[in-house]
Structures are given as C-alpha cells and as structure tokens.
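Colleague: Residue-level listing of the chains:
Number of protein chains: 6
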Amino acid sequence: MNDRALYVGRFQPYHLGHHSVVKTIASEVDEIVIGIGSAQLSHEINDPFTGGERYLMISSSLKMEGISNYFIVPIIDIHRNAVWVSHVESLIPPVDVVYTNSDLIERLFKEKSYDVRKPPLYDRHKYAGTEVRRRIVSGERWKELIPEAAVRVICEIDGPNRMRHITGV
Amino acid sequence: MNDRALYVGRFQPYHLGHHSVVKTIASEVDEIVIGIGSAQLSHEINDPFTGGERYLMISSSLKMEGISNYFIVPIIDIHRNAVWVSHVESLIPPVDVVYTNSDLIERLFKEKSYDVRKPPLYDRHKYAGTEVRRRIVSGERWKELIPEAAVRVICEIDGPNRMRHITGV
Amino acid sequence: MNDRALYVGRFQPYHLGHHSVVKTIASEVDEIVIGIGSAQLSHEINDPFTGGERYLMISSSLKMEGISNYFIVPIIDIHRNAVWVSHVESLIPPVDVVYTNSDLIERLFKEKSYDVRKPPLYDRHKYAGTEVRRRIVSGERWKELIPEAAVRVICEIDGPNRMRHITGV
Amino acid sequence: MNDRALYVGRFQPYHLGHHSVVKTIASEVDEIVIGIGSAQLSHEINDPFTGGERYLMISSSLKMEGISNYFIVPIIDIHRNAVWVSHVESLIPPVDVVYTNSDLIERLFKEKSYDVRKPPLYDRHKYAGTEVRRRIVSGERWKELIPEAAVRVICEIDGPNRMRHITGV
Amino acid sequence: MNDRALYVGRFQPYHLGHHSVVKTIASEVDEIVIGIGSAQLSHEINDPFTGGERYLMISSSLKMEGISNYFIVPIIDIHRNAVWVSHVESLIPPVDVVYTNSDLIERLFKEKSYDVRKPPLYDRHKYAGTEVRRRIVSGERWKELIPEAAVRVICEIDGPNRMRHITGV
Amino acid sequence: MNDRALYVGRFQPYHLGHHSVVKTIASEVDEIVIGIGSAQLSHEINDPFTGGERYLMISSSLKMEGISNYFIVPIIDIHRNAVWVSHVESLIPPVDVVYTNSDLIERLFKEKSYDVRKPPLYDRHKYAGTEVRRRIVSGERWKELIPEAAVRVICEIDGPNRMRHITGV
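Protein chains in written order, with the working numbering: chain A, 94 to 262; chain B, 94 to 262; chain C, 94 to 262; chain D, 94 to 262; chain E, 94 to 262; chain F, 94 to 262.
Any given hint could turn out to be false.
Because identical chains share one entry, a pair is satisfied inside a single copy or across any pair of copies.
Stated by the list, open to error - Below, computed lysine to any residue pairings styled on SDA-like, alpha-carbon distance capped at 25 Å:
| hint | residue 1 | residue 2 |
| --- | --- | --- |
| 1 | Lys219 | Asn162 |
| 2 | Lys203 | Ile160 |
| 3 | Lys156 | Val122 |
| 4 | Lys203 | Pro253 |
| 5 | Lys156 | Arg227 |
| 6 | Lys156 | Glu124 |
| 7 | Lys219 | Arg97 |
| 8 | Lys211 | His258 |
| 9 | Lys205 | Val244 |
| 10 | Lys211 | Ile160 |
| 11 | Lys236 | Val122 |
| 12 | Lys219 | His180 |
| 13 | Lys236 | Glu224 |
Everything labelled a hint here was simulated from the structure, so no lab data went into it.
Could you put together the complete structure from these sequences and hints?
Modeller: If you want it as structure tokens, here you go:
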C-alpha cells in the first residue's frame, strides 16, 4: 500500500495557511487525503460555505499548482467523538499518518493508535479562518490571504454578500 | 463557469460499465462530478464496500487512464426524496447536466429543472453490480468485469472473503 | 377543554374513503386533528406525494365542504414505536379520542390509555390508497375515487406523470 | 394557482406582534402558510412550548378573528441551512412569496430565487418572544402582549409554572 | 484488566437457548457483557419487546440463577456497519473476546482484529426467537422455551396480547 | 411489580456524591435503575468519558459495596424534551419513582404524572462533576472525591491524560 496521509480541516474558507500545509504534505507523501470537516454546515457566521463550495476551492487551488496526488472527502459531523475516527475511516482511503492542529482530533486518532503529527508551520495568526471571515464581512483586504483560484470560487458564489447578509451587516 | 456534469451511482463495485460511462462523459465535458450514492453503507450483500473503498476504486482507475478532470463525492443517504437534490447540491460543485440510469434520480432532478440525460450505452446485462457481486461470492471469473486498478483495491481489502463471509457462504 | 379527536393516515393520496371518515368525525366532535403520517416520504411508488402536497389535498377538499373545525399536522416518522405516541402528542393539540384502522396505531395508543375507536365504515376495497395508485399508474379511471379538490392538486403538480416516471412505466 | 405567502417564526409564544403580521398578510394574499420553526423543541428557557401547543395558540387566535385562509405547518429543524428551504418546501403547499424578519431565512430563500419581503411593521421591542418569556417567568404583566385565545392555551397547559420550573425559579 | 466477553443478540424474547449460552460464558470468563441489539425497536412482529423489557427479562433470569458477573447494555442501531463496532465499543466496558452466531457481526469484529468465537451449542431449531414468537401469537405452548423469570416479565406487560394485536390476529 | 426507582445523571465522572445517593436509594427500594444520561458523549471537556467507561465506574463501585439490586442503562440524547420521558421509558424497566436534582428532568417526569423526589442530601459543592474535572485537569488531588473502584477505571483508561489533552493543557 502507498504512503498516504490525512489532513482534516473545516476550510471556512480554504486559505494560504491551509494551502501551504497541503502543498508540503503532498510533496512528502505519495497521496494526501483532505477531509472537509463539518461538511453539512453552511450559511452560518463561522461556517459560511457549503461542503461543495469548499471542495471546489481546494481542488481549483491544487490544480493551479499542478498537484494531483490528492483525495478530497467531505465529512459530515456525527456528534459522537468516540465513533468519529471510525466514521472518517469508512469514508476515506486508508491512511498511515494524520496531520492536525486540533487537540481533540489528535487525541481521537492517537487513542486508535494512529501516528499523528503537527502540520508544517505557517503564520497561524494571519492565516486563520476567523481572521479571513472577519475581513470579508468588514470589507477589509482579504484576497491576499487566499489562493487565487479559491478567491474566484468565493466571488462566483457571491460569498461576501452572503456572509454580510447572514451576519446582519 | 465551466461545463460540468454529474454522474451518480452506488458503485458496488465500480465496474467496466461505469468506467466506460465516466470516460465518455469526462471526454465530453470540462469536468465530471462522480457522486458515490449510499456512501454510508457497507458490509451488506448488495452494498459490500465502504464509501472510502469505492472512492479509491474509482480514483485509481481514472488515474490509470490519465484522466484528471473529475471530482469524487461520497453522498450519504438522507431517506427523503423531496430533499435529496438539495442535499446533493450542497455537497458538490455546481453542475449543468446530470447523467443517470435511475428513473427516480431522473425524476428528482427534472422536478428541479435540471437537464437530465441517459448515460452513453454499454452492455448493462454483463456489466451490472448484481452480476459482479454474484460472481465474486460464487467464485466465478469476475476480474474481467472490473478495471484493473479497482480489482487491486478489492483484493487488498480482502473483499471476496468479506463478501462470502457476510453472505454466509 | 374541547372534545377533540385524532385521525391518522398516510393519505397517499387523500381519497373519498378518507374524506367520508373525516366528514363524519368532524360532524361528531368539536375539532378533528388530521395527522399526515410518514410526512417526510415522497416520490416512492407507495408514497408518491410530499407532506405539503397531501396537506393541500386535504385542506382544499375540506374547504369545498365548508368544514373548518380541523387541524392538519404533518408527522415525520421516527422509527421507534415505543416513542411514537409521545412524538405525536408533542406536535398536535391534545385529543380525547383516536380513530384508526391500523392495528399498530391502535395498540400504541391503547398502551398509553387512550380511547381508540374504529372509524366509520366505508368501502375499503374500492377506496384504498393501493387501488388509487394502481389506477393512476396504469391510466385507468381514478378521479372518481378522490375528492374533486384533491384531483385538482394532483393534476397541478403533474402527479400522474411523476408516479409513472418513478414506477418506470 | 393562488397567491400564497409563507411566514415563518418560532412563536415562543405567539404574541400580538406575530398576530398583527399574520392578520395583515392574510388580508393581502389568498392564503397564508404559517410555518412553526423548531417545532421539535419545548421545555427550554427560550423554547418553552411544544409544536402542538404553539399550533393551538395560533389557530385559536385566528379563529377568534374569523380568519380561515391559513395553513399551519410545524417544521422540525434539520440543522443544515443549505437544505432547509427544500425541507420546508416538502412540508408546505407551494408559495409565491416569503415574509421574514430573519436575515438567515431571508438569505436562504433569496438564494433559491424567492421573492422575500419584510413583514409589516409592529413594535418589535415590546412584542418580542424574549420580553414575553421574561415577564411570564418573573411574574410581571404579560397577558396584554398576547392574543386572548393564546393566553387561554398557555394557562390551560400550566405554561407559567412550567417556565418557572425549568428556569429554576 | 479482567477477562471479559461480549455476547450480542436481539433477545426477542430472551429464551432458554440464549440463557444456556449466557450461563456457559458467564462460568468461563470473569465478566460477560450482554448487548441488547436493535434496542430502539418494539411493537413489531419480529421485534415485539422494548429494550427495557428485554433488559428486565435477562436480568431477572440471571438473578434467579444467582449469576451476577454480567453487564447488560441496550444498543440502538446506527445503520452503518462500518461504524457499528466503534459504536458498541463506546457503550460497553472493554472486552477481550466476542461470541456471536451472526456472520455479519463476526465479520465486523474480525475486521477490527477481535477474537470472535461461536457460542456454545444448543438446539437452535427449537430455541429460536422466530419459533417462540410464532407460538405466542398462535396460542401454542411457549412458556417451556423461556426462562421462568422471563415468562413472568412477558405476562406482566401483557406481551401475548400485544403480539397478537400488532399481528392483526 | 416491585418497588423500583430511577436515578439519572451524566456521571462525568461517577463521584462520592453520586455514590452516596445510589447507596441510600438502593437501601430503600427493591431495585434502583441508574440511567447514564448523554451516553453518546465523550472526549469533551465537560463530558470526557464514554458511556461504557461510566457504566464500568458505577458497576465496579457498587460491586465493591456488595450492592446488587441495580440496573444500569446508558441513555443516548434525543434532543426533544417532550419525547424524552417516553424515550427513557422504552429503555428501562418500569419505575415507580424518580430521583433527580435537575429542574428540567423533574418537570418532564412530573408532566407525565410521575412521583419525583429530591435525592438524599450530600455536599454538592465538594462532590460535583465540575469540581472533579477541574482538579483532574489541573493536577490537584481528585482521588478522594471518587469511589476507589472508579478511580481505578479512570486510571486504566488513561483518563487524566485524555482530559488534559482535549483541554489543550
């Protein structure tokens, strides 16, 4: 079997921090599985984009880089931590290692004897979903934080207006 | 926006009939979205493989053909036909046309004003999930009905034994 | 509190048998609560119409009769018999008596100490959901089995074509 | 088809603000569909009444006014915004226009190309669910904020004691 | 950690075949975990008793034997085979070995590397849930197939009448 | 029927306060049913332990005391207060009285005409789940708040490390 790694995030939206992590992992393993967490959520202040929209942001950005050794898998929440790893396992190709910044996800995979690692470093203060969403809603400069192809997806779906609308701005 | 088509199936397993459909559609549109239906099912006589295993069968087979303009999206059942199209829409990139052999899926998308088409022809008697599963369980020749890369996935996960086991053979 | 009765059915579709029952009960009690069972189902051979479409069939038929002492409540399945009565109680105004032809529903309400009665008689062979659906799909005369206002609803939503479509006829 | 409007709220409880909106809309369109949101919730501080109790508050209040061109539909949450409009559509008769004060509901229906309007004005500070619930729990004057028939429903079900009980007062 | 074994069944109802298996296992291991499968089902022809009623049948029968080294755990279905073992693991104390006659359950635990064994033999033709239910409904002699304490539970809850009622006999 | 009492808690973890309540009730009634609420939750800051782990804490502690007249029943949340009592009733043996400190649970059972009582007194400030969890995470003395057998369970499953891990400490 190949050397395959899992990287899970909510990607609300997919930003340059995520992008640098994915590019690094993709260059180090045979294949990377990108799990889109909370795939069922959208139109919420902290979760504005649908699973399909986030899928498109990620895949367009990777295609622009000429990267093709990836799987993208939307993962719907099941609200039961003790069963979550098994839920993920049933939806993805088998993996040898898991990359995550989440303490909870790290713990859940470690209790199932997975090799869990911290993703490569990036400026987590600047490239953070919270910061990107804040800038989009408030009308500040946000496009520089996001891969160009993902910016295009966000604009095509009228993302900034949706976000301001549901925020009541 | 690009010209994008959706093709939905259960792919239990992914066979040469599916494969010829996907190749034809992929050559005619900019991008094909392959929806894996009933993604939550596995270890049942008519649904032996997990969503992740099916994902791997499809993507390995397409990579062997050098095809890369596809999205694969596992779709968990929601058991509510009237809401199903909306459920699918929330998980996939937007599409312009839908290919399906299912009367129900055709109807559901038509009622939402989609352009629904019959997939290109293939020998549906020979290349059918039911026939493939029957052969695997009974120990007849089955590898000739399935793309080589998908055969490899099925064998790596000990698929034939699993199928015989749950069938009580 | 008033004298209120519950009558539960799937109403796929609402036919003259249901209609005569509702009219009789409505004339005998202060208020009748009509529960639309399996409200989440639609586009299936035995459950072609949505909860909303069935709601409209019933209310239009009752308005044509000048009847107004009714409540209509769509009830989604929960697949747990032991909890079902409580589920219904939480969605409807309180009732004193329950009318049903279903042995299961009769048992469930009796175990909760309800007064359960058989609905007034009608020709259950002729006025049966199964028979009505069979006629619509096969193109036989069906409009004489259904209240005029409900016929209009079924035609407006292109019901016969939907039913033939999903049946593969 | 008639000219039909949807108005969605949680109605915890149904107060004179809601009532004036419903009366105005009911006088302007052929039929009004009143959707009871979060119908599955009850016995919570912000959601004290069951779907059935709220149904009864609304229908009794409208009958007192001699209004009869309405549909009342309890709507259970599905916790997926992208699918919610489709969920509502499957439970109600088709509508041409949607009235709502909620930014989120406005956005969701607009993305599905609905004509969404602001409900007619009323004093939203005084007639607010939060204010009514606060007064009931603290024992202040609350009956003047609610239609007389709805007051009767709340008292019959021992509402004020239930609210104080679950609040721990 | 102790030597602990899991034995899963639906126990509709708990009969002498189950009882002999439980007694044998209980005498061979430190502790036996008895999982009540499909705990949410009841009032169906093949699943007449609630999880609580089955719990009581089992525990009363074991107490009569002076057996006390057991755990009883109702397990609600999740309809996802690939996740089911993990679901069970989250509800029970950890076990070293699994006893089951079900091919599916055997397969699911084996794929998670459990030691799975066939339960000790008993006359599976005579002591079978299907046969017991058939006899109860048809009024034949059934009490000799069931532990005395479980017979008492079935009679106290008016079980035979419930079963005949929902069967339409 | 016997004299049976229900006592419901989340038991995160099972501490000496719970233990004294259970011992007192168990000495006063024929049988005590201990319902483990929110049984599906685990690996959360306020809900660190699985249903199975909590089951084991309780039963080991009771066995150490020589108590055997108890039932332990994990109860998964259904997020619908109006249906919750019925949900519990379907999973447990029938009870005559309910002991709880929760205002909500007291109200829900009272509305179903149950005899609800306050549990016997204990020092609720010292013996509180919140306090125990705080001490475990911060490394303070916690073993004196918990029955010895439950301490052993928590240590065997590496509980303190899990709690610190998911808390990000």
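Colleague: The structure should be examined with respect to each hint, and the outcome stated for every one.
Modeller: Against the structure, the hints:
Proximity of Lys219 and Asn162 under a CA criterion of 25 Å is satisfied in neither setting, with 27 Å inside one chain copy and 33 Å between copies. Taking the shortest alpha-carbon separations for Lys203 and Ile160, neither the intra-copy value of 29 Å nor the inter-copy value of 36 Å comes in at or below 25 Å. For the homomeric pair Lys156 and Val122, the shortest alpha-carbon distances inside one copy (18 Å) and between copies (17 Å) are both at most 25 Å. When the C-alpha separation of Lys203 and Pro253 is checked against a cutoff of 25 Å, the pair qualifies only between copies, where the shortest distance is 15 Å, while the shortest distance within a copy is 38 Å.
Taking the shortest alpha-carbon separations for Lys156 and Arg227, neither the intra-copy value of 27 Å nor the inter-copy value of 39 Å comes in at or below 25 Å. Taking the shortest alpha-carbon separations for Lys156 and Glu124, both the intra-copy value of 15 Å and the inter-copy value of 12 Å come in at or below 25 Å. Taking the shortest Cα distances, Lys219 and Arg97 never come within 25 Å of each other, neither inside one copy (29 Å) nor across copies (34 Å). In this assembly of identical chains, Lys211 and His258 lie within 25 Å of each other by CA distance solely across copies; the values are 14 Å between and 36 Å within a copy.
With identical chains, the CA atoms of Lys205 and Val244 are at most 25 Å apart between copies only, with a shortest distance of 23 Å across copies and 37 Å within one. Taking the shortest Cα distances, Lys211 and Ile160 sit within 25 Å of each other inside one copy (22 Å), while across copies they are farther apart (33 Å). With identical chains, the CA atoms of Lys236 and Val122 are never at most 25 Å apart, being 29 Å at best within one copy and 30 Å at best between copies. Taking identical chains as interchangeable, the C-alpha atoms of Lys219 and His180 are never at most 25 Å apart, the minima being 32 Å within one chain and 33 Å between chains.
Proximity of Lys236 to Glu224 under the C-alpha cut-off of 25 Å is restricted to the intra-copy arrangement: shortest distance 12 Å within a copy versus 42 Å between copies.
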